[in-house]
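A.B. asks: Protein chains in written order, with our numbering: chain A, 1 to 551; chain B, 1 to 292.
Misleading hints may appear alongside valid ones.
[Unchecked claim] Here are the simulated lysine-lysine pairs, BS3-like style, with alpha carbons at most 27 Å apart:
id	chain 1	residue 1	chain 2	residue 2
1	B	K142	A	K110
2	A	K229	A	K175
3	A	K114	B	K140
4	A	K114	B	K143
5	A	K114	B	K113
6	B	K140	A	K110
7	A	K193	B	K104
8	A	K274	B	K100
9	A	K110	B	K143
10	B	K100	A	K114
11	A	K274	B	K173
12	A	K221	B	K104
13	A	K116	B	K143
14	A	K116	B	K142
15	B	K140	A	K116
16	A	K69	A	K46
17	B	K113	A	K274
18	A	K164	B	K113
19	A	K274	B	K115
20	B	K115	A	K258
21	B	K143	B	K173
22	B	K140	A	K340
23	B	K113	A	K258
It should be emphasised that the hints constitute simulated quantities derived from the structure, not laboratory data.
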Amino acid sequence: MRFLKNIVLLLGFCLGPTAVAEVIDAGHLRIELDTKAGRALPKGKKKDKYRKQWKSGCQRLGAALSAGKGPFGFGAFASFSCFRGADLVSGDKKDSAWLVTVVDGKTEAKFVLKHKDHRGYSVVAEYSMPSSEFTLEFFADDEFADSVAYALLESAPMGRLLTKSDLSGSPPQFKGRYWRAGKAKDFKFTVPKSPEYLVIYRLQWAEAEQRWRSDVVGSAKRVSVLPPKKEKKKKGSILVGGEVVYETTPAVAAALEKGNLWAQSSAGPGAQHKETAEQLKEAQIALAAAAQSGKLGDFLLGKFDLLSSLLSSTASGYVGLRYGRQVLPGVGGLGTLLNKTSIFGLLVEIRGGPAKGLRYYYDLLPKAKATVPGSGGPVDTSIQFSRHTLGYSFDFDPHLLVDRVTIDPKVGVWTFNAKLPTEIDGDGLVSNTANFRLGTTVSLGLEVGLEELSDWYTIRGWYGINSGFSILKTGGKVTSNQFGIDAYFTAGPTIPLFGVPLKTALMAFYFFESVNLSANKPIGELAPGDSSISGVSYTVGYAGIGAVLSW
Amino acid sequence: MVKTGFMQILLGILVCCAAAGLPLFVGGDLARAGEAPGKAPAAASSPVAAPAGPVAAPAGPVAAPAGPVTAPALASWLESVKNATGGIPRQLAILRTLPKLAGKFPEFLPIDKAKFDSLSYLRVADFASSDWDFKLNVSKLKKVDPFDAVIQITGADTVILAPEQGDWKILRKVEDEATVVHSGKGPASLTPDAIISWLFSSFNWDGVVLAQTSDYLLVGSSTAALAQPQIQALAVSNSEDKLRLSAAERKGSGLLSLSENSGGFGVFDIVVLGQGVTKIMPGTKVILEKKK
């Protein structure tokens, strides 16, 4: 009979769904600032400051990710150590199956939780938010540290560790601390609700199947939430304390006798990802606005209100002015005219808040005139246009070759009027001209840009196509294909204006443009047997400089 | 294996009687009137439902398996069980709903796993853990077919779809396709006993050979059926790859006798094999003697 029992016991193992699996217990966490994907380290004193900010920020994040020490009692790791790249900053240098990577990037800041098995690391949770040169400073705020920690833990296969000592009372209850407001008298951002129900379980990672496997032992229900209370300080008050209490079952208490358990929101890991991502973004926008205004310290103390901060954030943007002259060598009468042209450009871009990505372009080619030799004597020619365009910029980081790809669809109005040579005789003299009075046309456009970013320059290659359709009977169509390169250098000073720091930058640019004009009716007086002329094409190249203000 | 010459003669007579349509087991009713497929099994406290259709005993002269009577080697025994293929349902997942679209979650039937597992050799996936595993692996299952996802998450080889309304279905993966191998009215209640009874009734057999070593067979069956002392059984010929038997398929290829049992597992001696039968393959279905 004993023999049979052994068989039955082993059969149970054989018949089960899993083979060998890694039992997940509260382990060590490595928190690493990704120095390869991140922005270049500042130089001089700023470099030391940046390093200190990382050390301090990492320790705050690590503490909020530690078992039982995170918001709502979340927290999954027994210990943590901080690294800057491969360099140990604080904690012990020991092996860890868990890694949080912080990317303080040029285009975005990212927080990634990874789990390692024999095949390598795999991403468990990932959050990204707009880049800010002050991101590491934000960790000085406990509320921000809680936001990042909770976002990662809420998306992880294990949210909080539950130990035997956590339970008390009958029916058994356990607690967790409330969200922290930092040094402020009130919460600065939206505080997420603590999960109403928790699932309590043991966890394994089945490497062969690349699946998480659980053994659910019970659940817990939130029975009370005690928000933090205001405590008076010298010059005001701060929020302290607060807790969330959960009630569970004796079965969970019995299971804890055999070892620690995990708890996670019953909605499942990542169920609140969208909300937590929004909350994180909200915090980042407010903090970035405060930091850009040089008022981060005040903001963290609650002395710089959120509304002002958000308004400031919404107003963050960019204005660029540029001027360029035609530099391609022109030939003939048309070339003579085009050589006299120059172009002014204005670009306004909203870089923060709800209208982020909105762009306004104004391009002006002032009227250029040229009197060119003609078959029947001097001929007057001219050209001018102006274009108002609204665009919206979508951008993403392709993680390959360039830092950012932008795609800008545009719509606008294009006024184009020209009197251009259309024919030359055997002696190279203009024998015919045509008026291209397209009036105000509806303009559609698309621009694609590739950007390489650094702390002090931005190089941008771009291609754009614009097409204007005249609504006049006498009108026609104008199509412009452009490609060019812009270089921005943040070389100028920062000028305070109405409390907003305006940063200046210089730019240089060159673009090549191919314009195709077509009319609705044949151009010029046709002699019998002549073929009709339906349009004119020309190419120009403008090089110039500009100035940029950003705030 | 025949223990004594007298036993050999006696069993030979029994097999011949069975072949002639005479009652096979002393005090038993193995060859009994058929029961409509899909009929609701008895309540939890009732005995295991009778298999449908008559059972034909092994034909031809009796050939006694050869070889010494020794205890099976544990390692090889288990290995053969582990790798045994064919129509052996072992791990079940019982669902209320099975979505059609990838990325959607099935709904598991809440069932007492400990109780269910104690009633037979069959194991059921814990509904709470399975449900939670779906949530833990949601990102990995976004593009996986729901049936495949259930199999991956629960490790089930057989899926019972038990909707609140309509017929219950038994599904298996056949040639990489989710295939309904049986469909019929569900059990009268959702207790583990009722579901186990319904399953064996639907399969139309009482047990399955998990492994053979020498003259021993390891058989998985229901705990209640194996609890009957000195029970005898028939191994059904050519049944190793069939999940469900029709009445016509219930033909014996060997006569077995229970020597040990624990829970839903029993060790049977091979008493006699049918003509030309030298081995009883894993997956072979077993019809148990029904003692009154």
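A.B. asks: The structure should be examined with respect to each hint, and the outcome stated for every one.
C.D. replies: Status of the hints after comparison with the structure:
1. K142(B) x K110(A): Holds, at about 24 Å.
2. K229(A) x K175(A): Roughly 17 Å between the alpha carbons, so the hint for K229(A) and K175(A) holds.
3. K114(A) x K140(B): Distance of about 15 Å is within 27 Å: holds.
4. K114(A) x K143(B): holds, 22 Å
5. K114(A) x K113(B): violated, 33 Å
6. K140(B) x K110(A): holds, 22 Å
7. K193(A) x K104(B): Holds: K193(A) and K104(B) sit about 26 Å apart, inside 27 Å.
8. K274(A) x K100(B): Given pair K274(A), K100(B) holds - Cα atoms ~26 Å apart, limit 27 Å.
9. K110(A) x K143(B): holds, 26 Å
10. K100(B) x K114(A): Not OK: K100(B) and K114(A) at ~32 Å, beyond 27 Å, violated.
11. K274(A) x K173(B): Roughly 37 Å separates the two Cα atoms, so the pair is violated.
12. K221(A) x K104(B): holds, 26 Å
13. K116(A) x K143(B): holds, 23 Å
14. K116(A) x K142(B): Holds, at roughly 22 Å.
15. K140(B) x K116(A): Since the Cα atoms of K140(B) and K116(A) sit roughly 16 Å apart, the hinted pair holds (cutoff 27 Å).
16. K69(A) x K46(A): At roughly 32 Å apart (the allowed maximum being 27 Å), K46(A) and K69(A) break the hint.
17. K113(B) x K274(A): Judged against 27 Å, a Cα distance of about 35 Å means the pair is violated.
18. K164(A) x K113(B): Between K164(A) and K113(B) the Cα gap is close to 25 Å, so the pair holds against 27 Å.
19. K274(A) x K115(B): Outside the cut-off at roughly 40 Å; violated.
20. K115(B) x K258(A): holds, 21 Å
21. K143(B) x K173(B): holds, 18 Å
22. K140(B) x K340(A): Violated, at roughly 63 Å.
23. K113(B) x K258(A): Judged against 27 Å, a Cα distance of about 20 Å means the pair holds.
Checked against the numbered hints given earlier, the structure breaks hints 5, 10, 11, 16, 17, 19, 22 and satisfies all the rest.
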